[in-house]
Structure formats: structure tokens, C-alpha cells
Amino acid sequence: MARSMNKTGDQNVEGSQVALRDRLAYRLIVIGLLFLAVVGAFFYGNAVGTIKIPFNRILEVLFFDDGSMERLTIWNIRFPRMILGGLVGMNLAIAGALLQGVMSNPLADPSIIGISSGAGLFGIFILVIMPQHMALVPIFAFVGAMSAAIIIYILAWKGGIQPTRIILAGVAVSALFSAGISGMLVFYSDRVHGALTFMNGSLSARSWGEVFTILPYSVIGLLLSLMSSTHMNILILGDDVARGLGLEVEKTRMFCTALAALLAASAVSVVGLLGFVGLIVPHSIRLLIGNDYRFMIPASALLGAALVMLSDTFARTVFSPTEIPVGIVMAVLGAPFFLYLLRR
Amino acid sequence: MDQPILTVHHLSVAFRDRRILHDINLAFEKGKVYAIIGPNGCGKTSLMRTLSRNLKPSAGEVKLRGKNIFRLNTKYVARHIAILSQFNYTMSDVNVRTLVQYGRFAHRKWWSGNSAEDEEKVDWALTTTGMQDLANRKLANLSGGERQRAWIAMSIAQDPEILLLDEPTTFLDISHQLEIMELVTKLNREQGITIVMVLHDINHAARYSDELIVLHDQSVFRRGNPWEILESNVLEDVFRVQADISIDKELGTPIFYAKKVVKS
Amino acid sequence: MKQMKLMITILIVALIISGCGSSTVGGLGSTQTFERSAEANIIVNSDSYPLTIIDYFGHETVLDELPQRIAVLAGTPLNIWYDVGGKSICSSDISDSNLKLIEEYREEMLDLPVVGAVYSLDMEAVLAQKPDLVITQAGVQTSETKMLRDMNVPVVTTLTRSFEDVVDLYLAFGKILGHEELAQEKVAKLVESRQAIIDKAPAEGKSVVILYLTASSLSVKLDNSIAGEIAQSLNIKNIASDLPPDVIGSEHTPLDIEYIVEQNPDMVLVTSMIASNELAQSTMEQHFSSNQAWQSVPAVREGRVVYLPQEYFLYNGGPYFAEAVYYMAASVYPEIYGSIDE
Numbered sequence: 001m002a003r004s005m006n007k008t009g010d011q012n013v014e015g016s017q018v019a020l021r022d023r024l025a026y027r028l029i030v031i032g033l034l035f036l037a038v039v040g041a042f043f044y045g046n047a048v049g050t051i052k053i054p055f056n057r058i059l060e061v062l063f064f065d066d067g068s069m070e071r072l073t074i075w076n077i078r079f080p081r082m083i084l085g086g087l088v089g090m091n092l093a094i095a096g097a098l099l100q101g102v103m104s105n106p107l108a109d110p111s112i113i114g115i116s117s118g119a120g121l122f123g124i125f126i127l128v129i130m131p132q133h134m135a136l137v138p139i140f141a142f143v144g145a146m147s148a149a150i151i152i153y154i155l156a157w158k159g160g161i162q163p164t165r166i167i168l169a170g171v172a173v174s175a176l177f178s179a180g181i182s183g184m185l186v187f188y189s190d191r192v193h194g195a196l197t198f199m200n201g202s203l204s205a206r207s208w209g210e211v212f213t214i215l216p217y218s219v220i221g222l223l224l225s226l227m228s229s230t231h232m233n234i235l236i237l238g239d240d241v242a243r244g245l246g247l248e249v250e251k252t253r254m255f256c257t258a259l260a261a262l263l264a265a266s267a268v269s270v271v272g273l274l275g276f277v278g279l280i281v282p283h284s285i286r287l288l289i290g291n292d293y294r295f296m297i298p299a300s301a302l303l304g305a306a307l308v309m310l311s312d313t314f315a316r317t318v319f320s321p322t323e324i325p326v327g328i329v330m331a332v333l334g335a336p337f338f339l340y341l342l343r344r
Numbered sequence: 001m002d003q004p005i006l007t008v009h010h011l012s013v014a015f016r017d018r019r020i021l022h023d024i025n026l027a028f029e030k031g032k033v034y035a036i037i038g039p040n041g042c043g044k045t046s047l048m049r050t051l052s053r054n055l056k057p058s059a060g061e062v063k064l065r066g067k068n069i070f071r072l073n074t075k076y077v078a079r080h081i082a083i084l085s086q087f088n089y090t091m092s093d094v095n096v097r098t099l100v101q102y103g104r105f106a107h108r109k110w111w112s113g114n115s116a117e118d119e120e121k122v123d124w125a126l127t128t129t130g131m132q133d134l135a136n137r138k139l140a141n142l143s144g145g146e147r148q149r150a151w152i153a154m155s156i157a158q159d160p161e162i163l164l165l166d167e168p169t170t171f172l173d174i175s176h177q178l179e180i181m182e183l184v185t186k187l188n189r190e191q192g193i194t195i196v197m198v199l200h201d202i203n204h205a206a207r208y209s210d211e212l213i214v215l216h217d218q219s220v221f222r223r224g225n226p227w228e229i230l231e232s233n234v235l236e237d238v239f240r241v242q243a244d245i246s247i248d249k250e251l252g253t254p255i256f257y258a259k260k261v262v263k264s
Numbered sequence: 001m002k003q004m005k006l007m008i009t010i011l012i013v014a015l016i017i018s019g020c021g022s023s024t025v026g027g028l029g030s031t032q033t034f035e036r037s038a039e040a041n042i043i044v045n046s047d048s049y050p051l052t053i054i055d056y057f058g059h060e061t062v063l064d065e066l067p068q069r070i071a072v073l074a075g076t077p078l079n080i081w082y083d084v085g086g087k088s089i090c091s092s093d094i095s096d097s098n099l100k101l102i103e104e105y106r107e108e109m110l111d112l113p114v115v116g117a118v119y120s121l122d123m124e125a126v127l128a129q130k131p132d133l134v135i136t137q138a139g140v141q142t143s144e145t146k147m148l149r150d151m152n153v154p155v156v157t158t159l160t161r162s163f164e165d166v167v168d169l170y171l172a173f174g175k176i177l178g179h180e181e182l183a184q185e186k187v188a189k190l191v192e193s194r195q196a197i198i199d200k201a202p203a204e205g206k207s208v209v210i211l212y213l214t215a216s217s218l219s220v221k222l223d224n225s226i227a228g229e230i231a232q233s234l235n236i237k238n239i240a241s242d243l244p245p246d247v248i249g250s251e252h253t254p255l256d257i258e259y260i261v262e263q264n265p266d267m268v269l270v271t272s273m274i275a276s277n278e279l280a281q282s283t284m285e286q287h288f289s290s291n292q293a294w295q296s297v298p299a300v301r302e303g304r305v306v307y308l309p310q311e312y313f314l315y316n317g318g319p320y321f322a323e324a325v326y327y328m329a330a331s332v333y334p335e336i337y338g339s340i341d342e
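Protein chains in written order, with this note's numbering: chain A, 1 to 344; chain B, 1 to 264; chain C, 1 to 342.
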């Protein structure tokens, strides 16, 4: 890729040569800054909390296990919580980016169109009938997420993907599955004990177990998404054009939808239903560096991770020791930023 | 030069109870220019979409060199047939060069970038369509004619034998319309690309094509060279107008001038 | 593009609003909030008919004579009602095995016609019973109470959180039924047994955190909850004492686990809405043992966890209040009260 771009830069007229290089450099700088943001958010989150730990002490207990309360706090509480927040943010942001592309709709995000609710419902269902097997939850959540996606496609298909119909179908499916979840919680409240995980979007008291549950899905999801960048770029040119160029449109759409479902479902399995990230992050990235999925996937992953980590940190420190739901903090942080970008 | 490379056999397309195409039989020979004309709703776009595999037949076949295109590998077909659709709305914000580079997708593995040969083709496509100076502009920042040329550049970067064009000039200014038609002619003459285009303007069809295919009521009404078609009553029956036919003295092609509406 | 921007803006606003809404912590009664009018308990203003009853909301109900058809629509008030010799014509769904009904009248109470779950009454079924007086529970049945009032059905709303509430109910019900002596007797016995337990509590008590677990959330109970009040009476220090509730009038709040680690309570008490006490216990035990964050709390790591049964701590024990107090006392201070396996 870089090779071909350099060639162009050399061949063309001066004006266009400068513009192209600026673009690429700009995008790389933005990604670099986002990476720094992630690192910064991670360290910041580890540094603050209800228990006050001075910075040098943090470094100490990171490397030496002296059994102190600080060591336990950093290793068992903050460290895994920050990692989990980062992975969840990454998953949801990438899922949103993919869904907005395959559904040709800028409002598509896992929660709005019901993919997260589908994941939640099936996850709760499996907890009701097979409560001992918590490791199965992400898999069933994935089945639920894919079911929701397929229902949406069936409802919205009319000679092709119609963006407006997709959103309407998605909202309907979301309402349906959410009602299902509420119903389950009411009628089977005595059996849904494992639904500790289906708190509405909370990282409270999460530890390494949840991190290792989501980690394989995050890694696989990220890798496959990066590898699908070119397919996505061609898909968003339009179904007819894409087919004409030689892309297997249906397969690509199904694959990328499944990928988004996998990412969203694994996130839902460990922290519950968390909206907003999948909608806001890809849009912000799009407004910053454009629609090329080769850059949008990694950039969204980074911004999503940073956003959730920061939001969660605020959520547990601003009214310490009371925690407020992460979703609210994210809305408060994210909405003004997004509105600002819209006005640009 | 006479064997048809793209053939259509008893092609019918229906959606629920609605008839979209009915028993279409056509043969396209290599190196020729074909224009498909007909009133709105006759099935022109649907035919193009079926030829480009965007619509599935309910009966009949479309064959590329004797092989059913719906059974062939997608990339293989893309290396032979390229399509320019009528509406190209996209959420992508690519610049022209990147768009044209996508044209090479069918020629390479998805994981590899463009090779030197690919880049040569891209440069050639840009130069042929006169877009080399606009290569770094975003699609959205181009005029109608420029944008159309960019899409054509992408199509020819695919290095196709057959280029399908669905109303390539309908929304363009007159000068841009002529530019596109001249470009299409050049591609046919210099590269030997078989052209199949749907045209709205009968005179463009008459002037720039070797054969006219008239569609009416979702079927092929008549085929023939421009003079045959214009001098007969075909267009009167199909378009319901009485017309004067004259001749372009320089080119020797017929000119169609509609005079009066014919009440049916 | 403009339309899209408008749509997106509306969507964001909707998301924010719905995000705020979802902060309610699950559980019976926690979504309803109310203000207690002054220090008013349920007051009956004279010793014989006609009576004026002033309930927790300050609403007055005048009764000329003892009503024939009385409907008591919540578990704990029903228990107390029967204990004072009263009868009800119907009840909410009390087949839940965790509600400890008085042995003497248990069969009778279970045979009553059911008019819906306590948190979701079937108003038509209630009205079909043609009650002359309805007794409801504040919080969970606030809107049903209003509905009945609007239809001119005499209705009295009760609160059953603290021990004082239980005493007030006994006395008030005694007056209504004309069984004042019986009521006084029951109250005296209850006060005495409770006091006996409390007197043995050490002055400098242990510290605890009271976890509250439902199907959809995890938070801690404050002092105004049943468990919190009982703990207070036993000089047990609730580390969440000074914290604000999640919603005004609520009895819980979500807590950062670091606070629990820092405060290092001597014991962890667990209450839950999960129906089966055994299931609640096994669930939490499994969760605690596999979660490193919880393992950082010394009380959890060292097994100093007590699971509080629903019949005493989710539902107000009512006639069995003293048993509830004893349960907590023996759980927290086995060295003083003997082991909990009584």
C-alpha cells in the first residue's frame, strides 16, 4: 500500500503530491495520538480510585508482591478493570464501524439495532437453563446476536439493503429482545442468579475472569476486522458496484456482520448492555480521518478503548465511593464531543 | 470477430407476480458497440443489472463464452465484464486514484497490495479518461462529468472485455455527454472493448453504436443497425411519436427528430 | 445531510435520557420513593369507633364501624393482621416459600383468593372482592393505593421497614379490630425478646458491609433498610452508613469495591432477591471464589461471609422480628449468642 502511494506522489503534479502526503501523515498522526490517549487513560485509571495510592507506590506494587492492600487493589481490582474497559470499548467501537458499513446506515450500532439485546437475551437464557456453565455465555450470546442480525436483514430486505428500513427493523428487534430480557428477569428472577453480568453496562467488581473471557474474542475480532478492511472499503462503494468489481457481496456482508456480532456479544457477556460507544466512536473517527476502513478499524479500536477506560474511571471516582453507571458518564463525555465534530 | 462472447438465452426475471424481463434472447459480438433503448419501465436497467449479476434470473441463462455467469467465480467474471451503474451513491469518501485502484481488486489476492503492473493499469485508466490531474481529488468534489469519468476509469482499470454502461450520460451537461460518448467510442476502437450501453438519447444511440436493441414491455422488440431501426416504424410504435429522419452528412449516421405525439 | 444531523442529535438526546433512566437499582420498592410525613406512624385517633386512621402519607380514613370485608394486600401486614385476630378476604400472592407465615393461620392464609403479585395487583380482582377497607404497602403499592382512593374505596397504606413500624402496625390493627389487649400482649412479647437480644450486644461492635443482590444489580444496603436497621440496633457498624442512596428515599447504593477493600469490614452480609436461599448462597460463593476483586476483601477471602435469609431480611419479619434480630446477632457474634445453627 505505501509503495503504491509513494509512486503516485512522485509522478504527479506538485500540488497533488503535497496533499496526498499530508493526508497519510495526518491519519498516522491521529492514530498515534489515539494510541497515546489509550496509554494515558490506562495509567490514569490505575492511578486514581477510592483508595489513594501514590504513584511511586503503584510502580512498586506492580513489580513486587508484598501482599499489601495496595498490591491487591492494583493487581486484582484496577489493572483488570482497566484492561477490561479497554477491550470492551475496542470491541464495541469496531462492531459499530463494521455495522455502519454493512448496513449502509450511519445510525447502526450494536445496541440501537438490537444486536446487543439479542446477545443479552440468549446469554440470560443459557444462564437460566444451564447455570453452571458460565463459559458458554459468550457463545450463546453470539448466537443471539446473529439471530437478531438475521431477523433485521430479513425484515429490511427489499431488493437490496435499504438503510432506513434497517434502522426501523433494528429498533423493533431491539425493543423485542429488550422486552424479552425484562420478562426473563421478572419471571425467572430466582434463577437468573448469574445475571450479575447483565447489569446495565457496568465494570463494577470485574476482575481477571472477565478479562480472559473476552480476550480471545477481542483478539480474533480485531485481527479479522483488520484483514477485512479492503473488503469493507469495496462494499461501501455500493452493492452493485462491489459485485461488479468482483466482491462476493453477500458473503462479505454476512461475514462482517458475524464479526460485529461476535465482538458485541463478547462485550455484552462480560459487562452487560453498554450503548453509545458503537455509535459515537466510528462517527468521530469518520469525521476526523475519513471512511477508509484500513485506518478506521484501528482508530476506532483505540478511541473506543480510551473512551470506555476514561468514562469508567470517572464513573467510580467522581462521587467516590458511590459508583455511577458508566453509560451515563459516556453520554456526558461523548455527546458534546460529537456535537462539536458535527458542527465542523 | 464474429463469435458472440456474451449470450442471453430465454432470460426471464420476475419478482413476486411482477414481470420484469420476459424471454430475452441476445448475442453480443466481440468488439462491437450496442445501444439498448426503450421507454421507461421497459426493463433496460433490469437487463443491465442481470448482465452484471446484480439481479437473478427466474428462468434462462446469461453466458460468457458459453459458461453461465451465475455459476462462474465472481472475480473471474469481474476480470471480463465491468459495469457502470446509473446511480452511484456511496458513503465512501475516497479520492479518484484510490477508487480506480479498487478496479484492480479482481486481479489480485485480497491480502496483497497493488503490484507494479496494477499501478500501470491505474495510471493508464486515469490518462485514458483524462483524470490524471484530478487523481487526488475526492469524488464528492468533482463535477458530474468528472465523476462519471472517474467511475469509468475504475471500470476500465478492471481491464474488461465487455463494458456495460447504464445511462452513462443521462444527468450530464451536453458537453460532458459528448465527452463520455467520445471516450466510450475511443475505448471500443483503441482497446477493442465490447460496449453495451443503455441510452436515453436516441440520437446518441444512433450515432455511436453498431447495433440498436429496442426493448418494449419487458421484451426485445427489435434489433438492427441504426438505419434499419430508425427508418422503420419501430420507434413510432414503441415511443409513440412521429419523427422525421435525416442524416448527419459528415458521419453518415441517422438523426431522429420527434415531431408529433401519436395517439394510441 | 441536515436531516441526518437532526436524526443523530435526537438520537443522542434520547440515549442520554434513557441512560439516566436505567440507573435504577432493581428490587422491590426501590423505584418508588416517598417522604414520610413528619414522624407520623400510622395513627388511630381514638379507642373506639368511629375511628380516624391517619396513614404514612397523612391520608385520613374514617371508619364508622368495624368493616366486614377487609383486604390486606401485602405479606407482612397480613401476618400481623392475623396475629392480632383479624381475617382478610383476599391476599396478594404469598405462596412464596420464603415468606414466613404464622403457623397457626398459615393454611387459612394460603387458601385466600389471590389478587395478583404484591408488586403488580390485579385491580379488577381486588374490586371484585368488594372490600370495605383495603390495607396496602407503601412503596410497592403506591399507585394502586391512589387508584383505590380515586374510586372512593377506603384504603390505608402501611410501611414495614423498621421495628417501630412493626409496633405501630400491631397497635393500630389492634384498635381497628377491637383487640387492643391482644395487640399490646403481642407487642410486649416482641419488644421484650428483641430487647433481650440487643442487651447482649457488645458496645463496640464489629463492622460489616451488607451486600444486596438481585437479578440485575449489585449494591449495598444503607441504614434505613431492614438489615441495616437491625444491624444498627446491635451496634454493628455498617460501612455504608454515611453514603447517599442511589435515588432519594431508596435503601441502597452502588458501591466501588475499592471502598470495601479499604474499609475492611469484619464481615460481609449478603441479602438477595434470588428466591432460593440455598441458590443465592451457592451462587455468591462460586462468584466470590472465582473473582479476584472480591478476593481482595479480607472478609471474603477468609470466609467471613453470612447469607441473610429472605424471610427475615427481604421481607420484614413482622411477628418474627425478634428471630431476625437473633439471626443477625448470632451470625455476627457467635461467641456471644452461640452458633447460628439454632
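Derived from the structure by calculation, the hints contain no laboratory data.
Careful: at least some of the hints might be erroneous.
Unchecked claim - Facing chain C, a subset of chain A residues (Cβ under 8 Å, in silico):
1. Val48
2. Thr50
3. Pro54
4. Arg57
5. Asp65
6. Gly67
7. Leu72
8. Thr73
9. Val171
10. Ser204
11. Arg206
12. Ser207
13. Trp208
14. Thr213
15. Leu215
Unchecked claim - Calculated lysine to aspartate or glutamate pairs in the DMTMM-like style (CA-CA distance at most 20 Å, straight line):
16. B:Lys30 <-> B:Asp237
17. C:Lys189 <-> C:Asp223
18. B:Lys75 <-> B:Glu161
19. B:Lys109 <-> A:Glu70
20. C:Lys87 <-> C:Asp64
21. C:Lys189 <-> C:Glu262
22. B:Lys56 <-> A:Glu248
23. B:Lys138 <-> B:Asp123
24. B:Lys75 <-> A:Asp65
25. A:Lys52 <-> C:Glu262
26. B:Lys186 <-> B:Asp237
27. B:Lys109 <-> A:Glu60
28. C:Lys87 <-> C:Glu180
29. B:Lys63 <-> A:Asp66
30. B:Lys75 <-> A:Glu248
31. B:Lys56 <-> B:Glu119
32. B:Lys56 <-> B:Asp93
33. B:Lys75 <-> A:Glu70
34. A:Lys158 <-> B:Asp17
35. B:Lys67 <-> A:Glu248
36. B:Lys186 <-> B:Asp159
37. B:Lys56 <-> B:Asp217
38. B:Lys56 <-> A:Asp65
39. B:Lys109 <-> B:Glu119
40. B:Lys63 <-> B:Asp93
Cβ atoms here follow ideal geometry from the backbone N, Cα and C, with glycine treated the same way.
Tested hints:
Checking A:Val48 against chain C by beta carbon gives a least distance of about 10 Å; that is not within 8 Å, so the hint is violated. This hint holds: A:Thr50 has a C-beta 4 Å from the nearest C-beta of chain C, less than the 8 Å allowed. Checking A:Pro54 against chain C: minimum C-beta separation of about 15 Å lies over 8 Å; hint violated. Annotation: A:Arg57 was flagged as interfacial toward chain C, and the flag is violated, the nearest CB pair being 14 Å apart, outside 8 Å.
Below 8 Å, beta-carbon pairs count as interface contacts, and A:Asp65 has none with chain C, the closest being about 13 Å; its hint is therefore violated. About 11 Å separates the beta-carbon of A:Gly67 from the nearest beta-carbon of chain C, more than 8 Å, and the hint is not met. Contact between A:Leu72 and chain C, as hinted, is supported at the beta carbon level, the nearest pair being about 4 Å apart and thus within 8 Å. Hint status for A:Thr73: holds, given a least beta-carbon distance of 6 Å to chain C, under 8 Å.
Contact between A:Val171 and chain C, as hinted, is not supported at the beta carbon level, the nearest pair being about 10 Å apart and thus beyond 8 Å. Annotation: interface hint on A:Ser204 holds; nearest CB of chain C at approximately 7 Å, less than 8 Å. Contact between A:Arg206 and chain C, as hinted, is supported at the beta carbon level, the nearest pair being about 7 Å apart and thus within 8 Å. Checking A:Ser207 against chain C: minimum C-beta separation of about 4 Å stays under 8 Å; hint holds.
For A:Trp208, the suggested interface contact is upheld, since its CB lies about 5 Å from the closest CB of chain C, less than 8 Å. A hinted interface residue such as A:Thr213 counts as satisfied when its beta carbon comes closer than 8 Å to some beta carbon of chain C; here the least separation is about 11 Å, so the hint is violated. Annotation: interface hint on A:Leu215 violated; nearest CB of chain C at approximately 15 Å, more than 8 Å. Distance restraint check for B:Lys30 and B:Asp237: the Cα-Cα separation of roughly 30 Å exceeds the 20 Å cut-off, and the hinted pair is therefore not satisfied.
A hinted pair counts as satisfied when its Cα atoms are at most 20 Å apart, and C:Lys189 with C:Asp223 does not qualify at roughly 25 Å. Under the criterion of a C-alpha separation no larger than 20 Å, the hint pairing B:Lys75 with B:Glu161 is consistent with the structure, at around 14 Å. Using a Cα cut-off of 20 Å, the hinted pair B:Lys109 and A:Glu70 is violated, with the two alpha carbons roughly 53 Å apart. This hinted pair checks out: C:Lys87 and C:Asp64 have alpha carbons roughly 19 Å apart, not beyond 20 Å.
Between C:Lys189 and C:Glu262, the direct Cα distance comes to roughly 41 Å. Violation of the 20 Å bound is thereby established for this hinted pair. For the suggested pair B:Lys56 and A:Glu248, the alpha carbons sit about 14 Å apart, so the restraint of at most 20 Å is met. Only pairs whose Cα atoms come within 20 Å are accepted, and B:Lys138 paired with B:Asp123 is accepted, the gap being roughly 17 Å. Restraint check for B:Lys75 and A:Asp65: not satisfied, since their Cα atoms lie roughly 58 Å apart, outside the 20 Å limit.
Between the alpha carbons of A:Lys52 and C:Glu262 the distance comes to roughly 10 Å, so the proposed pair stays at or under 20 Å and holds. Pair hint B:Lys186 plus B:Asp237 does not hold up; C-alpha atoms about 33 Å apart against a cutoff of 20 Å. A distance of roughly 50 Å separates the Cα atoms of B:Lys109 and A:Glu60; the hinted pair therefore is violated under the 20 Å criterion. For a cut-off of 20 Å, the pair hint linking C:Lys87 to C:Glu180 stands: about 16 Å separates their Cα positions.
Annotation: proposed proximity of B:Lys63 to A:Asp66 is violated, straight-line Cα distance about 76 Å (limit 20 Å). Restraint check: the Cα-Cα separation between B:Lys75 and A:Glu248 comes to about 8 Å, which is no more than 20 Å; the hinted pair holds. Proposed proximity of B:Lys56 and B:Glu119 is contradicted: the alpha carbons are some 34 Å apart, above 20 Å. Taking the CA atoms of B:Lys56 and B:Asp93, the gap is about 30 Å. The hint is violated against a cut of 20 Å.
Using a Cα cut-off of 20 Å, the hinted pair B:Lys75 and A:Glu70 is violated, with the two alpha carbons roughly 59 Å apart. A threshold of 20 Å between alpha carbons decides the hint, and for A:Lys158 with B:Asp17 the separation of about 15 Å falls inside it, so the pair holds. With a CA separation close to 19 Å, the supplied pair B:Lys67 and A:Glu248 stays within the 20 Å bound. With a C-alpha separation of about 15 Å, the suggested pairing of B:Lys186 with B:Asp159 holds against the 20 Å cut-off.
Distance restraint check for B:Lys56 and B:Asp217: the Cα-Cα separation of roughly 19 Å lies within the 20 Å cut-off, and the hinted pair is therefore satisfied. For the proposed pair B:Lys56 and A:Asp65, the alpha carbon gap of about 66 Å is over 20 Å, so the pair is violated. Of the pairs offered as hints, the one joining B:Lys109 and B:Glu119 holds, with about 15 Å between alpha carbons and a cut-off of 20 Å not exceeded. Between B:Lys63 and B:Asp93 the CA atoms are separated by roughly 35 Å; this puts the pair beyond 20 Å, and the hint is violated.
Going down the numbered hints, you'll see the structure goes against 1, 3, 4, 5, 6, 9, 14, 15, 16, 17, 19, 21, 24, 26, 27, 29, 31, 32, 33, 38 and 40, while the others check out.
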